[in-house]
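Asker: Line by line, the protein sequences give chains S and P.
Using this note's numbering, the letters of the first sequence correspond one by one to residues 1283 to 1525.
Using this note's numbering, the letters of the second sequence correspond one by one to residues 97 to 648.
Treat the hints as calculated values from the structure; they're not laboratory data.
Possibly wrong hints are sitting among the right ones.
To be verified - Part of the chain P face toward chain S, derived, beta carbon under 8 angstroms:
{"#": "1", "residue": "Leu165"}
{"#": "2", "residue": "Val166"}
{"#": "3", "residue": "Pro314"}
{"#": "4", "residue": "Val318"}
{"#": "5", "residue": "Leu331"}
As the list claims (entries may be wrong) - Where chain P lies over chain S, by a calculated footprint (3+ residues, C-beta under 8 angstroms):
{"#": "6", "segment": "1315-1323"}
{"#": "7", "segment": "1466-1473"}
From a predicted model like this one, the values you see are computed outputs, not experimental measurements.
Quick reminder that beta carbons are idealized off the backbone N, C-alpha and C, glycines included.
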Amino acid sequence: MQNNATSTVAVHDRHGEAHAAHNPALLHHFATEEQQRNSASLGMWVFLATEVMFFGGLFCAYLVYRRWYFGDFAAASKSINMWLGATNTAVLICSSLTVVLAVWAAQTARRRLLIGSLILTMLLGLLFLGIKGVEYKEKFDEHHVPGASFSFDHEEIPGHPGQYANPKHAQMFFSLYFVMTGLHALHMIIGLGIFAWLLTMAWKGRFTPEWHTPVEIGGLYWHFVDIVWIYLFPLLYLIDRHK
Amino acid sequence: MSMAATPILQPVERENYLNKEYGAWSWLLTTDHKRIALLYLLSITFFFFIGGFFALLIRLELLTPAGDLVQADTYNKLFTMHGMIMVFFFLIPSIPAVLGNFLVPLMIGAKDLAFPRINLLSWYLYIIGGVMMMHCMLTGGVDTGWTFYAPFSTNFTNTKIVEAGLAIFVAGFSSILTGLNFVVTIHRMRAPGMTWSRLPLFIWAHYATSIIQLLGTPVIAVTIVLVAAERALHLGIFDPKLGGDPLLFQHLFWFYSHPAVYIMILPAMGVVTEIIACFSRKRIFGYHFVAFSSIAIAVFGFLVWAHHMFVAGISVYSALVFSFLSYAVALPSAIKVFNWTATLYKGSIHYDAPMLYAFGFLGLFTIGGLTGLFLSALGIDVHVTDTYFVVAHFHYIMVGGAVMGYLGGMHFWWPKISGRLYPEGWARLAALIVFIGFNLTFFPQFILGYMGMPRRYYDYSHMPEFQILNVLSTAGATVLGVGYLLPMFYFLWSMRYGKPASDNPWNAAGLEWKTTSPPPTFNFDEEPVVIWEAYNYEELDAPHEEGVPVAK
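Model the full structure from these sequences, guided by the hints.
Answerer: Here it is as structure tokens:
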């Protein structure tokens, strides 16, 4: 299927002038559609590598303090709602499935399935952000947002009855919690923007089995943001839960 | 002989990337990598002279031991803004965004970078960052030093940390996008026959640079996010009062900012490699060693950051490890220097202006690198930490190395960029002035630092014996300033009055010389096919052996 497309291009190229006959999505500085597609997907992988480093710095900071103030972090972790976090994990895993469906639909020219999967992905993304909002509201009501009104008094360290968490160190947990989940949520919002654009393109029927690179690399981005959450969930929500 | 005759026979200028379209929008909305390179050239030159102006004010203040020209706070802002502008808005984009942008597609035989619109976006991000930085500067500036160490930057200073941080964040995004474009272009856009072992070493150097830009810059970005969040919301991540660790800031900061030095020096090494091969008319000695030493520098460069923190309170054991690893970086650097020297050996050496800069680079980079070894030795570092010895060391690398490489490259490729020849006599004079001015400025600083003059002091009246060396340094800075202004003038002059350049005025190897000067918008009239090895100077010179020197 893809070989067919490439050989057509090669024939046109021999005639030099016949560029208009190409897929209009083939940009002038690429020789073949395959080269263009490979470049786009490599570009997204490289970009995701920079994202790994971006979150990596944050994870590093988190792990340092989690080791230093383990008990305080465990106490603070216990105060956030594990079930909301677990639900959100399930929501994101489902959204990854719908992304895969979207890519497959684009590859096999199933336009309605493509549009449906994109909408479903966005709905799951919105659901995630909604649940996140409920969680943030809970933290706000409990005065667990770092700042002047922060309080975390007389919270026992799990497994150490009678020992109370140091509020300063618990505040450090919540600082990191908000920065990490906040930056993750920002990535989700950007992802929703990308998917809204993909949806309009799909609506106009712009994706074909030969050219659907945006769906593929948009999907890569979405999977990456999911994976970040897969690490955030146990790190933030499941500290010392077995005690 | 034949070289000189061609341009005169040219009656009408061929269509090229410069004369294809005119008008501001044809530049501001261009996706042509060559035009974007020129946009970068203009903007980094602007920032270079702003940063240079601050440097001159610093040197003027230090002319006398008393703090008589500016106040202490102003002086703090001067060296901070000098550092921030020179590092983030000149040195990091300098060679990659100007020469790299122009040359990477030409050298590998591509029509453009893989993502031309992202390339333009990166310039706009750079400009947005630059405007933010200028605004921050004009409305009060920052006084923490370019390193903005916590907790001073997060809890104490009242200056515009967040705004400067965001400016650097945005400029960093621009740097990431340039690196991303280069990596994908080098992987996917090479002309038929342009294998990895046939790539010019300039490309290898830019590939290594891009890896650092891609993997390092996001870490400084997240550090800036944390600093901004800490200032805005009083989080305490770096605040010891709240259980935070200022050392964590330094680790995160230097994880990027040490490799950033290699973002500055690796492209200069690439430039120098091209120049040395051309002006000694030989294939680069040990091609693969030079290529992989670039990658090795990029990899080792990520493992040495804590040598900036030997006296900051890290454990002796980790200091030992980082000291050892810092020594390890000297290996690939030395491999390069020895291979360049071996290339020169028995070469037919031509002393044109680019080669003078390359020689300057060789000497100054070697001094900068060797004094770097002094600093990675724990015992000596304790003695000279935060003295002018450190200042002199990194200026030998960044100015003596990176800026010399940049100027050499600008001269070497100016005929290709502008289609005109620069005045060779003036250029040699300027190269000499830069070399003399540079050494006069910075060599005395090694001695000052070794004698114990601390950096970042505006007043040294308790140690007036340091004045003579400071006077020498300030005098040198003036000479250096003249040396930097000269090329700007004669490059501008040559755009109108310079002799038209032939396609290959140096008779150099490399695909960029096989297209016209200046090149057409899509670089090559026909897609090139590469059937020769890199730096095939022996082959190139063979037919001309009737006694006529080729490169003039």
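Asker: Confirm or reject each hint.
Answerer: So, going through the hints one by one against the coordinates:
no.	hint	verdict
1	Leu165	violated (40 angstroms)
2	Val166	violated (36 angstroms)
3	Pro314	holds (4 angstroms)
4	Val318	holds (4 angstroms)
5	Leu331	holds (4 angstroms)
6	1315-1323	holds (count 3)
7	1466-1473	violated (count 0)
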